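S.K.: Top line first, the protein sequences correspond to chains S and G.
Residue numbers for the first sequence follow our numbering, so the first one is 1 and each next one is one higher.
Residue numbers for the second sequence follow our numbering, so the first one is 120 and each next one is one higher.
Read the hints as simulated data drawn from the structure, not as lab findings.
Hints may be right or wrong, so weigh each one.
Claimed, not checked - One side only, chain G facing chain S, incomplete, derived with CB under 10 Å: (1) ASP161; (2) HIS206; (3) GLU415; (4) LEU497; (5) GLU527; (6) GLU531; (7) ILE535.
Claimed, not checked - Here are some of the chain G residues that sit facing chain S, going by a computed Cβ distance under 10 Å: (8) PRO152; (9) ARG158; (10) VAL159; (11) LEU163; (12) ASP165; (13) ARG168; (14) SER169; (15) ASP173; (16) LEU202; (17) VAL553; (18) GLU635; (19) SER637; (20) GLU639; (21) GLU640.
Only a predicted model underlies this, so the values are computations on that prediction, with no experimental measurement involved.
Where is the CB? At the ideal position from N, CA and C, for every residue including glycine.
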Amino acid sequence: MLTLKPDHSELVVLSILADTPSYGYAISKAVAARSEGHFKLAPSNLYPLLTRLEKQGLVTTNWEEVKSDTADPDADGRRRKWYRLSAKGQKRLAQHIDAYHRARAILEAFVTPAAEPRA
Amino acid sequence: MTLIRRTPDPVRPSTPDPVDAWLDVLVAMLSIPKADRQRVRDELEDHLRSRIDDLLIHGLTEPQALEKAVAELGETADLARQLSHAHKPPRTRRYAMHALIIALTGTVVALGVNTMRPNAGLPTAPGNELQVANVKPERSDLPPQGVEFNDEQLSMTALVPVNQDSSFAEVLQPFAESLGLQLDIDQISLSQRGLTAVEKVRFVNQPERSLGSVLNSITHALPTNEWHKYGEQDRVVAARFGDRMFVTTRAGLDRRSMTRHVYSLASFSAFHESGERSFQDIAETLANHASPEDWEQNGGDLAVFSTLGSSLIVTAPIRIHGELQSLLDDLAAEFAKQEAQRARMAEEQAEANADAHGQIVSRIKHEYELAVSEQVGLVQKIDELSGAYARAESRLFEVNKDEQARNEMIQEMARIRGEKRALEIRLQEATARVDYLLGRMIEIEYEPLVRARDSSAARNPNVQPGAIEIRGEIARAGIYDYRLGQTLSRMLVAAGGLSDADSKVQLLRGGKVIQEWSAEEATSGPGSNATLLPGDTIAIVD
């Protein structure tokens, strides 16, 4: 299991929100599912990150009242915070993807064996 | 979706919800504007409760689910610090946020409206038109896909022709219609039993019949020799598939309702880990209590299972899935009951221990106070003797010329010296006693926290052999804020450990090491801010 680095986390979360609006717990599950369990975004990284994304205007938020599946149906609900990618967030995601492709292209030169290896 | 709550409940329950208790601790640690605290709390509450719901679905008990969900959030103090940091206003200007309304995803279940036909009141019109007399179940009460109709559906009644032969398809038709379903007769299965849908079934003397009794009559209309060939288990049944009322034999229904399902055996992990039973054994045991004769492993041809780690993969008719699920539900309830009993006994034991422990503490304290007062008394006496010796010494100069007085004085001084030396030896003993009792008091105070080196490795496989284990269970009052710093050093004294500056101090939660500090970090560094939860373990690894 890999722990995501901060800049990767931002790409991953923005990418998930680009598909569909989501909330914290669903995002953490989506990260695990999309990476087939290879990436783990711990709550202690995810929620501060979401806060920063919100502060930077990369996502917009709103609240929904929900109820637990297992709770007493008469019990009070709880509040769920939904995140949606903003236009600015889409731009940021595009920048991340661009940076990733460039980095990969550079690394490719080192990964691919040289045409004429030294004897 | 009305209710916005957050009006504080005036009557707090005596045992607070552990999630709330944890959130209280977290929120207390946040250094962010008050207005933001509630929002952070709400969001993390949603996370925790969603996670706990998921874990419960995966077969964990409620305390296990809670523990795991909280453990996944990491160190409370770290989380609070990171959240607080993220809330610091950015250097750039704040962007105006506008809330978007997100369409809620949800399925609207359209409930079919069941039209009840009026009771005709009179039996058997000459035209043989069949009418439903009394429809009890609502459309929404239909059983799940592939499951046999329940007693309520089977007891719905319709008028059937008396003393007149009808094909059983004709007789069943009104029942299907009244449930809003299309009649679907499994010709193949029934014809294997020697019955065709056009076959006449004779109903005698009872114009109003229930669906159950009609199915029974059809069962009995099967040619007797055919019937015996397939055993008495088989009978004609009705089940729902989509919007069809499927009439077949029980064996036919089993074939039609084959499904695959993956069950979690996680709640049996204890048996597996103790080496008592493998997951394969557990799966076999389960199969032996849910239609055992149908499993391939037992020579049957309907159901088959495989285990993969703690997952149980079962391909079987829905009927057997139902039996398996109800068996698993019963076991889960039983495990929960046993777990609750164990917890209750552990609590009683802990209380008894605490009482015994309290008595020992007060006795040691008493001994310690006696030793201290003796020590103080001896110091005073020695002081007095020192004074007397000094006075004798100065008198010695005064009586310098008087040989006899001088000799007496020298003798007196020798006596004082001797007495003083005797008292100094007693003071040494008393001081050693005070030191020992002080050490013992620290030991006794933390005794419940300290487990012997030998047993810790056996009790907890994650604690390295030779490690000292200090358990956080001592504070039984729910989730609490435990400053390790000062007290940890005392624990270390009590445990007789940490003689080595290279020792490591580990915080274990849910059996996993989640923090590790050097001795220095644990006592005065970042470790001193750690928050312990009940069940946490502190291990000192030499």
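S.K.: Which of the stated hints cannot be reconciled with the structure, identified by number in ascending sequence?
M.R.: 3, 4, 5, 6, 7, 8, 17, 18, 19, 20, 21
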